[in-house]
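With chain C's structure known, arrange chain W on it following the hints.
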Amino acid sequence: MAIELLKMRWSNAINEVIIGATKQDGGSRSSVVKVGGQMSLPYLSDEGNIPNPPVIAHEIWDVAPADWPEALKEPFSSVLGKPVEWAKKCVKEFKAELLCLRLMGAHSDYGDNSPEKEAQVVKDILKAVDKPLIIIGCGDNEKDNLVLPKCAEAAKGERCLFGNAIQDNYKTLTVACLADGHSIIAESPIDINIAKQLNILISDMGLSAERIVINPTIGALGYGLEYAYSIMERGRLSALNGDKMLAMPYICFVGYEAWRAKEAKASEKEFPAWGKEKERGIAWEMVTSTALLQAGADILVMRHPQAIQEVQKTINQLTGK
Amino acid sequence: MKFKVKFLPDNKEIEVEKGKSILAAAISAGLHINSSCGGDGVCGRCKVILKKGEVNTQPTGRISAEERKQGYYLACLTTVESDLVVEVPVESKVDLEKVNDEDEFASRLKGIYAEPEEVEEIDIIASRELFSHSPLATKIYLELPQPDLDDKISDLERINRAIREVKDIPIMQMGLSNVRNLGKLLRSSDWKVTVTLGKRNDTIEIVLIEPSDTSERNFGFAFDIGTTTISAQLINLNTKKVLGTKATFNKQATFGSDIITRIIFAQEKDGLERLHHAVIDGMNSMIEELVHENQVDLNDVTCCLCAGNTTMIHLLLKVDPSFIRREPYVPTANFVPVIRASEAGIKINPRGLLACVPGVSGYVGGDITAGILASGISETEDLSILIDIGTNGEIVLGNKDWMISCAASAGPAFEGSGVVCGMRATKGAIQRFTINPKDLKVSYSTIGATPPVGICGSGYIDIVSELLKTNIIDKNGKINTNLRDSRIRQGEFGREFVLVDKKDTGHKQDIVITEMDLDNLKRAKAAIFSATSSMLKHLKLSFDDVKKIYIAGGFGTYLDIEKAVSIGLLPDLKREKFSFIGNSSLSGARAILLSIDAFGKADEIAKKTTYFELSVEPGYMDEYVAALFFPHTDTERFPSQVK
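Heads up: the sequence lines are chains C and W, in that order. Taken in order, the first sequence gives residues 1 to 321; the numbers are from the numbering used here. Taken in order, the second sequence gives residues 322 to 964; the numbers are from the numbering used here.
Extracted from the complex, chain C is given alone in its bound form:
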């Protein structure tokens, strides 16, 4: 007798968020990236439609990242400190479909660049490459509130994804995204309630829920990955069960977390038994990423091209491409 598999039927779909705008939509991108839209848990396409596979955004910096380990700097050695070149390299050489620009140079520890200078970087990159862009502030609330609106203005019409809005500082960025037609990343500290609250606060200001992406905050393997995993899963279950204020795609900053791990950074001299530094970091980024794919990540912001390549393979396998 044939066994009939029990199928879960969900009542609500995750919102589809479009990053980037082609000429037709008033922008200048050659393609757009769509995330979300699914009505099932990850890769269970028998249970519900999954229109868009997860995507990887290549992380680039406006300034040379001082604290990146050598193994991570190496593939970019010729373009560090040259954001336009870096962007081009990712698109041409590493076939990036989506870029994530981190404006670290605005931070007082990294040069304290002016908002105007950062806006120019954004403009230059948009001119040099035609792939959609995610733009992230330096993490200093006050400075970001000065820099990000300028950058949003500079990228007007390009339907970028801007981050990160947090519970104590979301208004300025929301206003900027509203004014210039961008979407927003809402960051919460591995807390499903705050994630939802922040989505409510942002949509209360008039930015529709369809333009919000959740950054649930993650930990790398060995650094709280399981907390992130369970929070993401819980949020997704609520969303599929009808909670509209959690029905947003997830963005996970894997590169940032994985390359902070001791296992990714420590030298071979220090821990000979751990093997080559170069391989460790890549492996850490890969493993963290693949776990988060299972948890429901829609956008992975990654750093090392080799890790990106391998994770893309996994995505292709999981989605049957």
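Some hints could be false.
[Stated by the list, open to error] 25 angstroms max Cα-Cα, derived SDA-like pairs, lysine to any residue:
id, chain 1, residue 1, chain 2, residue 2
1, W, K861, C, N193
2, W, K861, W, Y932
3, W, K799, C, E142
4, C, K150, W, N803
5, W, K858, C, S11
6, W, K790, C, N193
7, C, K143, W, G815
8, C, K82, C, S114
9, C, K150, C, N193
10, W, K748, W, I348
11, W, K561, W, V659
12, W, K858, W, R844
13, C, K244, W, Q811
14, C, K143, W, E836
15, C, K143, W, D806
16, C, K171, W, E813
17, W, K790, C, A209
18, W, K790, C, G206
19, W, K858, C, S230
20, C, K171, W, V946
21, C, K143, W, F814
22, C, K171, W, T956
23, W, K858, C, N241
24, C, K171, W, T802
25, W, K790, C, L178
26, W, K861, C, S238
27, C, K244, W, T956
28, C, K171, W, Q811
29, C, K171, W, T835
30, W, K759, W, T835
31, W, K799, C, D140
32, C, K143, W, K799
[Unchecked claim] Partial pick of chain W residues on the chain C-facing surface, computed with a CB cut under 8 angstroms:
id, residue
33, D795
34, N797
35, N803
[To be verified] Ranges between beta-carbon positions, derived for each pair:
id, chain 1, residue 1, chain 2, residue 2, range
36, C, D112, W, I370, 52 to 62 angstroms
37, C, S28, W, R389, 57 to 67 angstroms
38, C, K127, W, P960, 15 to 25 angstroms
39, W, P772, C, A209, 56 to 66 angstroms
40, C, E233, W, P658, 55 to 65 angstroms
To be clear, the hints were calculated from the coordinates, so they are not data collected in a lab. Idealized CB from N, CA, C, for every residue including glycine.
Relative to chain C, chain W alone:
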């Protein structure tokens, strides 16, 4: 070495040891200075102005630079190092003024206590219909047959026989002093006496024997002993009539505004003694005044019935409360035997009785038992909830078959503590507040219709609701800085919104609400709401199953239900399900005073009610965090609030 400290404007002077704190000196001088934290330098309520002399003080963030220039110090952190002259500013004083006249009572204490009419209403449920009229102490006039050679039973047997002719009482007790006086008394009063029978636990005691007929004059007191306020009611036990109601502050507040601080204080030298006296003094002065005003002879007051939280009852009886604080939180007594009032220091008839309403646990006391009784939830099939909003928010869920209760530490924000401009519901407290959505102009009313000096609980509910409605704050309780309004500013404790400009206030200081206050209020409402929802969840029930919700305590009849729902303090249910029952503890105490049956019922309630320990409930923390949002993270739970 000793120094003299003079306190202005009262001109009270006291001599104290060098190095003693100004707060301690003030207490010794009989002055009541605000001190919510019990002298830990945390609350910043005990500000005084040094006019003359040398002091030693510790650094504190509670005194602004401006105030420091003006000579402000925190009384608790500042020690006496020479003869001093110290001014106690108005805002630091505990207003101990009692409420005398009925109108004044009604207008001033509406925020806390129900008006007499409303109390009467509850009385209908509690005692008139359900319980027989059988007061804790009853008087019977007896005309005894004189003994002769045919009827020569003893005096004591004679009086017992006469009582049994009118009442079916198998066992009676009598104290030795009554026996000693009996022979002379019966003969000198020509065998015409009035006996007072009192219920003492499971037996009946002949409390008192008096010459002639005094049976018309039998009075009792019902007390609600709250952490913040003590209320008293003088009742004619024969007619059930309430002759007068009074409320006064619990002077224990000087030693800390919450229960835990007081339990800690009780451990200090003379601490228990002082706490005990503080409450007894308050009760005795109210007894004196009520008796005097109603021309009742103190000797005709035969019993007192007290409802209070477990700690208050311990302190009333001078029983060490320290074990309530320590795991597993066991009080010395939940069921306190009926004792003689004079043993506790209460001045009524020296042989009069004192009974306390039994409690459920260390954190759910007799005030809640009385509340259950008064609300009538123990008598109906309908699933009901009783929410007593206070520093310790107590919640009872159940019906006539079962009841479960829990205590949620909401914090004192709704009682006006732990919030920058908070105050108790006394003269000058803002209790109603509205903001015009068009021009953001505010209007408000204060208790006693005097210029505002602070905000009480019901005022805060209104304020938060109105700030949300006008988008001055977001649902997280953060002030909207994008709003160009000069009333939004950076204050000493972070961002704040000026509610009333200093030119319009009674103490000539701005009345503000800070983001920190909003946080405290958010936590308080979240604690109450999540405790209620956790308890329901635990029993696999939902708010929709609940037929009636009774709100008691804290703000009684002045709670604006719409606004309380809009901030998420109360669930979003049909408004007709809510009833305000004011001070349910006091009405319950009165019902018990008037009926032995009600007393039995209270015993049964206390025994039957299960205590639900929230701190070990797995889902509680989650519920609590989800409730830390206005009105709630799950907006679908508040459908009426969705714009």
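Results for each hint:
A C-alpha spacing of about 22 angstroms is found between K861/W and N193/C, which places the hinted pair at or below 25 angstroms, so the restraint holds. A distance of roughly 17 angstroms separates the Cα atoms of K861/W and Y932/W; the hinted pair therefore holds under the 25 angstroms criterion. Of the supplied pair hints, the one linking K799/W and E142/C holds, its CA atoms being roughly 16 angstroms apart against a limit of 25 angstroms. Note on K150/C and N803/W: the hinted pairing holds, with a Cα-Cα distance of about 17 angstroms set against a maximum of 25 angstroms.
With a C-alpha separation of about 24 angstroms, the suggested pairing of K858/W with S11/C holds against the 25 angstroms cut-off. Distance restraint check for K790/W and N193/C: the Cα-Cα separation of roughly 22 angstroms lies within the 25 angstroms cut-off, and the hinted pair is therefore satisfied. Under the criterion of a C-alpha separation no larger than 25 angstroms, the hint pairing K143/C with G815/W is consistent with the structure, at around 20 angstroms. Restraint check for K82/C and S114/C: satisfied, since their Cα atoms lie roughly 17 angstroms apart, inside the 25 angstroms limit.
Annotation: proposed proximity of K150/C to N193/C is violated, straight-line Cα distance about 31 angstroms (limit 25 angstroms). Proximity of K748/W to I348/W is assessed by CA-CA distance (about 23 angstroms); at most 25 angstroms being required, the pair is judged to hold. Restraint check: the Cα-Cα separation between K561/W and V659/W comes to about 21 angstroms, which is no more than 25 angstroms; the hinted pair holds. The suggested pairing of K858/W with R844/W holds, with an alpha-carbon distance near 20 angstroms, which does not exceed 25 angstroms.
In summary, the hint linking K244/C to Q811/W is not supported, as the alpha carbons are separated by about 36 angstroms, beyond the 25 angstroms threshold. A threshold of 25 angstroms between alpha carbons decides the hint, and for K143/C with E836/W the separation of about 22 angstroms falls inside it, so the pair holds. A hinted pair counts as satisfied when its Cα atoms are at most 25 angstroms apart, and K143/C with D806/W qualifies at roughly 23 angstroms. A distance of roughly 23 angstroms separates the Cα atoms of K171/C and E813/W; the hinted pair therefore holds under the 25 angstroms criterion.
As the CA atoms of K790/W and A209/C are separated by approximately 21 angstroms, the hinted pair is consistent with the 25 angstroms bound. Taking the CA atoms of K790/W and G206/C, the gap is near 16 angstroms; set against the 25 angstroms cutoff, the hint holds. Among the hinted pairs, K858/W with S230/C is consistent with the structure: their alpha-carbon atoms are about 22 angstroms apart, no more than 25 angstroms. With a C-alpha separation of about 22 angstroms, the suggested pairing of K171/C with V946/W holds against the 25 angstroms cut-off.
Restraint check for K143/C and F814/W: satisfied, since their Cα atoms lie roughly 23 angstroms apart, inside the 25 angstroms limit. For the suggested pair K171/C and T956/W, the alpha carbons sit about 20 angstroms apart, so the restraint of at most 25 angstroms is met. Annotation: proposed proximity of K858/W to N241/C holds, straight-line Cα distance about 19 angstroms (limit 25 angstroms). Between K171/C and T802/W, the direct Cα distance comes to roughly 9 angstroms. Compliance with the 25 angstroms bound is thereby established for this hinted pair.
The suggested pairing of K790/W with L178/C holds, with an alpha-carbon distance near 22 angstroms, which does not exceed 25 angstroms. Only pairs whose Cα atoms come within 25 angstroms are accepted, and K861/W paired with S238/C is accepted, the gap being roughly 20 angstroms. For the proposed pair K244/C and T956/W, the alpha carbon gap of about 10 angstroms is at most 25 angstroms, so the pair holds. Between the alpha carbons of K171/C and Q811/W the distance comes to roughly 18 angstroms, so the proposed pair stays at or under 25 angstroms and holds.
Proposed proximity of K171/C and T835/W is supported: the alpha carbons are some 19 angstroms apart, at most 25 angstroms. Annotation: proposed proximity of K759/W to T835/W holds, straight-line Cα distance about 23 angstroms (limit 25 angstroms). Taken as a hint, the K799/W and D140/C pair is honoured in the structure, with Cα atoms around 19 angstroms apart against an allowance of 25 angstroms. The straight-line distance between the Cα atoms of K143/C and K799/W is roughly 20 angstroms, inside the 25 angstroms bound, and the hint therefore holds.
Residue-level restraint check for D795/W holds (minimum Cβ-Cβ distance to chain C is 5 angstroms; threshold 8 angstroms). Nearest Cβ of chain C to the Cβ of N797/W: about 6 angstroms, under the 8 angstroms cut. The hint holds. Look at N803/W: its Cβ gets to within about 5 angstroms of chain C, closer than 8 angstroms, so that hint holds up. At about 46 angstroms, the CB distance of D112/C to I370/W disagrees with the hint of 52 to 62 angstroms.
Between S28/C and R389/W the beta carbons are some 60 angstroms apart, a value that agrees with the proposed interval 57 to 67 angstroms. Hint check: K127/C to P960/W, Cβ distance near 49 angstroms, so the stated range 15 to 25 angstroms is violated. Evaluation of the 56 to 66 angstroms hint for P772/W and A209/C yields a failure: the beta carbon distance comes to about 46 angstroms. Evaluation of the 55 to 65 angstroms hint for E233/C and P658/W yields a pass: the beta carbon distance comes to about 57 angstroms.
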